[in-house]
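S.K.: Each chain is listed here by its residues.
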Amino acid sequence: MATPTMTAEKLHNFSKVCEILDRFDRLPSKIIPILQAVQEEYRYLPEEILTFVATSLGISPARVFGIATFYSHFSLEPKGKYIIKVCDGTACHVKGSSGLIETIQRELKLSEKEHTTPDLLFTLETVSCLGACGLAPAVVINDKVYGQVSNKQMSELIAEYKAMEA
Amino acid sequence: MNKAETITINGKVVPLEGEKNLLSVIRKAGVEMPTFCYHSELSVYGACRLCIVDIEGRGIDTSCSTPPRAGMSIKTHTPKLRKMRKTLIELLLANHDTSCTSCDKSSACKLKDLAADLGVKEIPFKKTREPRKPDLLSPSLLRYPDKCVLCGDCVRYCNEIQGVGAIDFAYRGEDVVVTPAFNKSLAQVDCINCGQCAAVCPTGAIVPRSEIDDVWSALADESKTVVAQIAPAVRAALGEMFNMPASSVTLGKIMAALKYIGFKEVYDTSFGADLTVMEETNEYLERRRAGDNKTMFTSCCPGWVKYAEQFHPDLIPQLSSCMSPQGMVGSLSKKLLSQTEGKSEKDIVMVSIMPCTAKKFEKDREELSRDGSPLVDYVLTTQELGKMIKEAGIVFEDIAPAAADLPFGLYSEAGLGFGATAGVSEAVARYASRALNNQELSSYEPVTNEDFPFWKEAIIDEDNVKIRIAVVAGLGNTEKLIEKINAREVSYDLVEVMACPDGCVAGAGQPVSYDHGIADKRKTALKNAGKITPIHCPEDNPYIQRIYEKMLGSKPGSHEAHELVHTKYQSRKRIDNDSMELAVTDHEAPVEINVCVGTSCFLRGSQDILSGMTAKIDQEGWKDRINLKATFCSENCSHGPTVTVGEKKMHKTSLDSVVAEVEEQLGLVTSRK
Amino acid sequence: MMEAVLEKIKEEVKNKKECLSHSIVICAGTGCIANGAMEVHAALAEYINKNNLPLTLTLKEELPEEGKDPVLLSKSGCQGFCQVGPLVTIEPNGILYTKVKAENAQDIIEKTILKGEVIEDLLYKEPATGRSCQSHRDIPFYTRQERTVLKSCGNIDPENIGDYIYSGGYEAARDMILNKEPQEVCDIMKDAGLRGRGGGGFATGRKWELALRQDTDEKYIICNGDEGDPGAFMDRSVMEGNPHAVLEGMIIAAKACGGTEGQIYVRMEYPLAVERINIAIEEARAHGYLGKGIFGSDFDFDIFVMEGAGAFVCGEASAMTESIMGRRGMPRVKPPRTAEQGLWGKPTVVNNVETLACVPLIAAKGAEEYRKVGTDGSPGTKTFALTGHVANTGLIEVPFGTTLREIIFNIGGGVLNSKGEIDNDDFKAVQIGGPSGGCLIEEHLDIPLDFDSLKTVGAMVGSGGLVVMNKSTCMVQIARFFMKFTQSESCGKCVPCREGTRQILELIDDVAQGRGTMETLDLLEDLCETVAESSLCGLGKSAPSPVLSTMQQFREEWEAHVKDMTCPTGNCKDLVSYAITADLCKGCTACKRACPVGAIEGAVKQAHTIDEEKCIRCGACVDTCRFNAITVGGN
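Protein chains in written order, with the numbering used here: chain A, 1 to 166; chain B, 167 to 839; chain C, 840 to 1474.
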């Protein structure tokens, strides 16, 4: 059942989408920044919204779907509140980022296929390089960068975030 | 041109004659060069890499993307190039669904042929992908993603030529697929079923849906009377499947084969075309007499009709209300046969043999049924008919011809002309001339529009006949035409639209051919067949006259004709998905507002209403009383923006009118001064 | 619009700077921010503001309060030595504090600013000798570099155009706009021999000239900031640390080819770069250096920013233009080249960030002066991201022609072994050029690094990632790592790259997991060759390089995997097994506790054993064992 807050959020989000479309003058060439902004609102790209965006810009939904699935930043499924990005760039890889990934997967019961926890709290992503090689291995949780993270620290970090939500 | 410019191909000097790419020069020189992704009418894509050549001084590059320069020296089949091509095929085959023996495309698969030509024996590479589900929901087309080589021909055809964009690439890298939006089925999106994707597909990744088994079952059912009709274009192409020259017309053999297979009666759709000429011309003249000066569009092409329903619902009233010829023959023959056979129409099975995949969709239209039973039960493509003939063990080359059955077996040259572009409009123009001027039209030669080379036009001005006609094929071109008509840059009385470039002869149901000149050959064959037809005008067809007398109220446009051979259209959702719920409350009796944001309504400002409404709900604190949803089509586009408030459907709405209605339904009108 | 006169601004900034008693520069590159630079900044500001000190804090050189000494607290871009960040520099003495924490704020103010004392604990100590270094000038990491492009990154406040102008910024652009013909500008770059830093090393001046020759109303200048090589972050540092240099480079490029609009395409992982570039663009517009009639001329040029959406392949010029036009970032076939037909079918020059940052330097000092550094074929300097098993990791800049030996052993401070100690004998290889590049070994250490010499040994400058590897690194795994990267970033358009890279990966896995034979290696080499020669774009063409290059340099190691079924470095988990030597095991249970999967059994003070079935070969036990009792061996 929809709660009033959900409703308010949906209304808010939708008027945001209209605003975003206007901000980019409904130019089909601006589809990528438009989708980025939409994803900012919803944390993912819902199918109906993509169809709406496609119709508004006068491009086919198949094309929009193609763009949304090409770029790794876009997600068609809801992402977690906390997005843990583990850098798997060369430097981080050499310094043990795969261990971090395994640790996170173990702690959050995620896998190669399952990236988001069922409670929509965490999403695990690996990125090719955060450009923070001096801090290898590096992890970013939402916008906060953690450098030279050990497996143990990683477990502690997760516990910290979990505690914040408890 | 200055002194002959040449290039050297495998040591042989070849002149350059303005070719855009090396590939064309190579092929001109008589060298076989394999390609998946190159089509002269589509943009250069350069993805299959099979047409690689060794250019002296430059190394290896694809010939499709390299402009020829005088003095170039290239090699096309060095051991290294052959090895690389073989590796490329092996890479494709590693994950290919190799159920070749049961594949519909088996006999015309480029991948299979190339693998054989290049001597591929064992695939040294592993299967790395999980099998992908085929898409089997569309009435016209089946997709098998595991047979796709991702050459993108279908995608570019659908986008560049048809302007539909029902399919596109999705995902990235090894996960790339060609798919409708959101991995839906073709049946759930704006595909118009023209099937040109299947026609250009080098493998069996997209194929027309086969109804052969259903037809065999119907034939085996003794309680049914199974009859057939064949479309004009079929006769000019079927022979290709039996190694007969592309210009042979095999009508007599087809009729004989159909009889042999077990069809009780065999008719000719060209009869329906004759009738269409009469009804459509009459409709056009009636519209003019009634003061309607808007462009009338033909409606015999089901791909175009669906396109119009989805993308131009506002044009629906301008579509001719005539059923397509297949519908007319189905409708009339079922009615007549039910009397002569003493059977219910349900027990008469009409099988259409069509060059077209969209006809398979058309037959399922609700409007093309009577008392819950379809006017056409099955549609076989030319390809399917060929397969049935083979399956029945008929030696097609040797079979003695037979005649079609009457009354729906006799036709005029005009009706036969429906098989290629300009045929319909020519027939209408000529009939109008005979009807209004009592004389034959002096000539009918549509010429390319000077400003817009996307369509042809024929401006007729002879005594009482003043008709401006546009003839357009391919929906991309059609879209441009509609744009210009709407912008009042051009004006036409009648527009003939065919979804497939070149018209029905090049329909996606025709035998697979990679010969670019094939459509012209079929057109010529059809034209020649028309010339030897004894009857030239539909109104001279004695059976047309008889059917009018017996069944259609003796004249075109009669009440009976409207009952039996005219139809309706509906605006259509482009994509099957849920409405966007913007405000949902669990209040026991909420007022539900549905705002249509489909293409047409959207242009009319439905979004302003939506955002205005969301603001209003917020501002007035109506959150817990209202369900606000955005839907993708309320299917009433010509009167948009369409908004439903509670039970009330409102057209041409504005924010104020919607707010007023909501206040009324919330019972706020009196309390709010 | 009326442009702000450079000399006037310069004078104003100079006057303000002269009033300052001290300035504290905090490195605010991504690395230092992650280590808490902003907290240090806040703590310093708070300490000055809250305590009644004879100091007044100023953030942008405002006029000082009467009777108090003004202290400027400013942020700089990345100074390159991220490993020991946050870095705090105190001028005028140039004292450099490393690993500064918020709690050091009081000491820094009370001791260094007010009393002029140096806080010994915060100084950088050379790992090899333990020697304290008081300023940049004492640290070999810096002294052995030639920082020109990066110089301003650590000096100026990237969010303050005045700082850039003070350092001479925008003078070159103004000169080019007002006093030079487009062809002359191209000629300067050609004479200077500037080559694209993005990887290929194509001559910038020639690229501009090609675009200049196209006769169209619109031309585009794109700055390629989609730096995506794993292990490279030079462009990020320049965009974050000196965004105006990039803008100035683009303005000069626009003049050279008649550019009408600029686009900066920045990777989405670089939010700080986007933010700073946007600030810089706003400032430049407000000053009349971007927009209509820039520098008071009749030349119009403006720049917009586009954020990438996560696709490495968009670093390829034609894919980038596709992406800017709102399409899937799939490279298209060439010709026509982007410089002839790019964005919206118009001539488009795509230059890399670092290249553009070099442009104003060359325009300012002239081709001849520029050529004094570097080699004949590759003049100037090049930035590298030095990472991996090396003592000093970070961002460096050296003249072309510098040897790897100088970079790794002097600037980098030497190779680290797996225990983290400096051990130069443990050097195995250095990977250069990221996923498009190759591995260089001992015998290559003395070749001068430049575009051409690297090609002769099967590597490339690429975007400039330098990953040092010690002997514990498995070359099969390194090849796999890069191949996995390219494979997952392939756009999927052409057959060889889409299908080929995947199959290469499968074949490497066969080798790494004990299913390989000598035939596997042959097939692998053949396939690599096909992919390299038949792919559509540079991504696919260079994808096999890391595999081919490691196979060439470390043939024996590859063969060991298939002939002996062993991984000499013990990295390929399927080819190794862990065992506890009973004689050496003291039964301390440390390994048992460390094992994440409970694969180790054994009572206290008794020899432990490893259950091979359960063991996931993570190596945690080896790291914890203090008695070297756990051995890693072949299967």
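FYI, nobody ran anything at the bench for these hints, they're computed from the structure. Careful: at least some of the hints might be erroneous.
Claimed, not checked - Okay, derived cross-link-like pairs now, BS3-like style, lysine-lysine, Cα gap no bigger than 30 Å in a straight line:
1) C:1173 <-> A:152
2) B:287 <-> C:1185
3) C:889 <-> C:940
4) B:553 <-> B:512
5) C:1323 <-> A:109
6) A:16 <-> B:430
7) B:299 <-> A:109
8) B:460 <-> B:739
9) B:299 <-> B:553
10) A:144 <-> C:1431
11) B:460 <-> A:113
12) B:299 <-> B:430
13) C:1173 <-> C:1185
S.K.: Which of the numbered hints are not met once you compare them with the structure shown?
M.R.: Violated: hints 1, 2, 6, 10, 11 and 12.
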